[in-house]
Amino acid sequence: MECLVVDDSAVIRKVACRILEEMEFQTAEAVDGREALDFCKAHMPDAILLDWNMPVMDGLEFLTKLRKEYGGEQPVVVFCTSENDVGHITTALGAGANEYIMKPFDREIIEAKFQQVGLL
Amino acid sequence: MGAKFLDDLLTEFLTETNESLDVVDCELVKFEQEPNNAKILDNIFRLVHTIKGTCGFLGLPRLEALAHAAETLMGNFRGGVAVTPDAVTLILESLDRIKEILSALEQAEVEPDGSDNDLIDQLDLLSAGGGNSAAHDQNDAEPEAAESEIEEPLKIVQRELKPREVSLEGLERAFAEADGADLGTASETAAEAAAETEKPESPEGKAEKPAAPAPPAVDAGAPAEKRERAVTNQSIRVNVDSLETLMTTVSELVLTRNQLLEMVRRIEDSEFKVPLQRLSNVTAELQEGIMKTRMQPVGNAWQKLPRIVRDLAKDLGKKIDLEMSGAETELDRQVLELIKDPLTHMVRNSADHGLETTEGRLAAGKPETGRIDLSAYHEGGHIIIEIADDGRGLNAEKIKEKAVENELATQAELEKMTDVQIQKFIFKAGFSTAKEVTNVSGRGVGMDVVRTNIELIGGSVDVTSVEGKGSTFLIKIPLTLAIISALIVESAGQRFAVPQLCVVELVRAQAESDHRIEMINDTPVLRLRNKLLPLMHLSKLLEIEAAPGSGDQSAPEAFDLPGAVSPEADGREPEPQGAVSTPTAKKFEEAAGFIVVIQVGPHCYGIVVDSVFDTEEIVVKPMSSMLREVTIFSGNTILGDGSVILIVDPNGIADAVHGSLFVDGLQNDADEDAAFDSTDDVVSLLVFRAGGNEPKAVPLSLVTRLEEIDVATIEPSNGRDLVQYRGKLMPLVNVNDAFQKRKEGMQPILVFTDEEQVMGLMVDEIVDIVEERLNIEVTAGMEGVIGSAVVKGQATEVLDIGHYLPKAFDNWFRRPESDDRGYSMRVLLVDDSSFFRNMLSPVMSAGGYSVTAVESADEALKMRDEGKQFDVIVSDIEMPDMDGFAFAQSLLSDARWSTTPIVALSSHTSPAVIERARESNFIDYVGKFDRAGLMEVLKSTVDAIGEVA
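Residue numbers (our numbering), protein chains in the order written: chain H, 1 to 120; chain V, 1001 to 1949.
Hints are computed from structural coordinates only; laboratory data are not their basis.
Among the hints, a few may not be true.
Derived CB-CB ranges, DEER-like [unchecked claim]:
hint	chain 1	residue 1	chain 2	residue 2	range
1	H	K41	V	V1449	53 to 59 Å
2	H	E69	V	E1100	41 to 47 Å
3	V	V1449	H	E69	56 to 62 Å
Quick list of in silico lysine-lysine cross-link-like pairs, DSS-like style, CA-CA up to 30 Å [claimed, not checked]:
hint	chain 1	residue 1	chain 2	residue 2
4	V	K1039	H	K68
5	H	K65	V	K1039
6	H	K14	V	K1004
7	H	K14	V	K1099
8	V	K1304	H	K14
9	V	K1428	V	K1476
10	V	K1039	H	K41
11	V	K1039	H	K14
Note that the structure is a prediction, hence the values are computed from the model and not measured.
Idealized CB from N, CA, C, for every residue including glycine.
Whole structure, please, built from the sequences with the hints as guidance.
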């Protein structure tokens, strides 16, 4: 299983990758939506851990574009941000996110989410 | 391993956050100016948001709370709340606090104790007080895309919740309505997380909050990591130390390569040649590549400036635009670090002192907003950074006042300085023109510190300013400190490297040449283009003994080595190498050697070394920390042949030289500017007092030595004072009758030498040595005085030594027997220098000649055309328009003066010049200061005429 971690903060990418690797995922990183999209076009991952606020292309725009790509409906997208108001969450889910978690997250939270969406 | 991971994470976090904060600083300032620029706001918001988000992972509640509060306020801006300067200031303050916490975190690795409630409360107040209604509106407006779909849930938001907070029910409901997906657990988790994140809003509850989220990330050993990074990372972070190590390793590689190349060069047709060539290229590329990794855009040093300027503008009530260009110009990281502070200081200065207040600007008819332009660009091997403001400019009068007040210069000295020279005073130690010390600058750290810091890295700083228009500071710094061009010299059998940047020129001193090392008050000096250069023997400074075979004797050999260099310098004035040697060799102590003329800031001095080899690009290795106290060396390096040599620090030596400078007056700005001008009329004068209060002066070049002798050793003999001096009796003379020699103690005397004869002139006090454009104004009727001139703003009598010499020796001049002829021999003196005309005329007059002095060959020819007759012509060689040679030639063409003997007079006495003089109709050749020689020549010429007659 491969998971793409999209976040502009290197710290968060590191933490996320670490957790995912412990869960025996292969990981890849992207610093913004544009990079993530390029990655996906070349090679769809199984899951995507997606930040909302990023330079160049934000998470929402990425998600919308991803779902329009060929095979773009396939990856499980878990939105993962501290944008915690209702509007954001509904928007994210509306744009095609499979799940939504709050920062800061830990292994338990990720594991729980991944189980719910059937990744584990 | 877990701990290590956390450490790494923390380091990463600190770097990342610090960078983000710098960006936020700049962006906020921009944002304040264009509050409607949503893009900038988004950018800021995102960065603060990321900081907040990241803090959560690391268990940094203080940071998180603060970042959250700031984020909330910025969220309000995003929602359309008007941006007030107060709000921006508050956010900037919060960012400062975050930085404080970060630096504490960096040191202690835990968040420092303390409360940020003060700031958070204010931020919250503004967030709420920006109008609850506004905040409310914003709640509606915030998720623009979602707005229409989810009007319902928003109504549930309870009023006591702060803006952007969401109630649990709200979340759940939103989830339920948004999608058919089963979100039950999801919303719980989300809500939990939300609750945690939101908690910081109420700071009281915060401190107790355990740093829960981070640890799980660290537990359990990770399985073998197989990271796939298909996404190309544009950059990676590398520890600076590893770069430094790489750099050193590459330097070693370069040296080894050089050794190999050297070895192979000696072997014809070596099979190594081709691969070695390849190795050489690769090494060069590698070196270049590594150098590049050390380069950073200069903008990194500027990042904080917009913020600083903004704060300043606010504090000072000014409007300031900071324009920056060339931020992408790259330079060495090390240099960058070192210029950061000076640069910041200078920008502060421009904002504080340079720019007028808004009222002041309007009154001066300038736009309200002041400009500071910061630009950087490459020029040669240097980076030029310009800081220009359109403020009031430097006020020369104020600087003068201040300079006098701080005793940096006397009023008289200042009077004669140009505005440019006066402006340079701002770089002097202890100088600050600001009337009152503001919070901003003028805190004792002045431009002198800036200058020192910049000079420390081999840079220079200069200022040009037009009063009322603004000032421009120009900083010139080397691209890198790691590889420098150095001059390799030898002293006492050891080799040293001298940074080429400081080397102005090389002078070879020989006992018999124009350039010889002389002693004034036991300090070696070199007379170089009418300027006295203090010297320092490197071997003496380092207290190293010359190994046998090295030293003065080896100098000429070394100089003939193929690698040896002739004057490196700037070629402004080629040195007459190995000038003429007169048979009567005078013995001067250590008069020979190679002198490396060094300029460090205002200081100019010479280092005497035994030989000079070559210039080489050397890789600077810093001194070991154990030897850091030794200021004379700045580092060491390995030469191509593998030997380790020390790099001399010109600044360190300047300090050492400065301590032993014999006359402080030697090193002042007026001198500095005149230093390498070959202006004809600039003459070094020795100023002293004797027999009266008014200063007296003699050309320094006539003085052989300055001595102090014990009055008790003076022996009166036959109405004259004599003293035993260097194994001979030296007559002493008084300046005038008013002079009283000291009753006891030491009597300062000026020693004049001519051939074998030595004379001492007793004086009261030696005052100074000055460089002056000598203009003798009044020819005094007094005996022994050529005239008076203004020296350093004071009327000074210029003494005629020629008057005193006969007093000391009866046979000083064998005067022509003018009585016999019934009339004086007529001498025409042609010299463009008024000084020499004034000096030589009395000498010749005293010798019984009737002297007419003119200042150019043209004038002389005019006199010929007028039908005047002379017995002898004495002409200078170096003159503008028509020089001596041409003049002598031209005389041949006209019958009237074609037979008149003409004597050449010149400061150059090389054989070639003498030869040329003889070819050009000159009958003889005399050095300018060789007065006895001149009299001799005149006498023999006159005698010859007498015989013919």
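Of the numbered hints stated previously, which ones are contradicted by the structure, given in increasing order?
none
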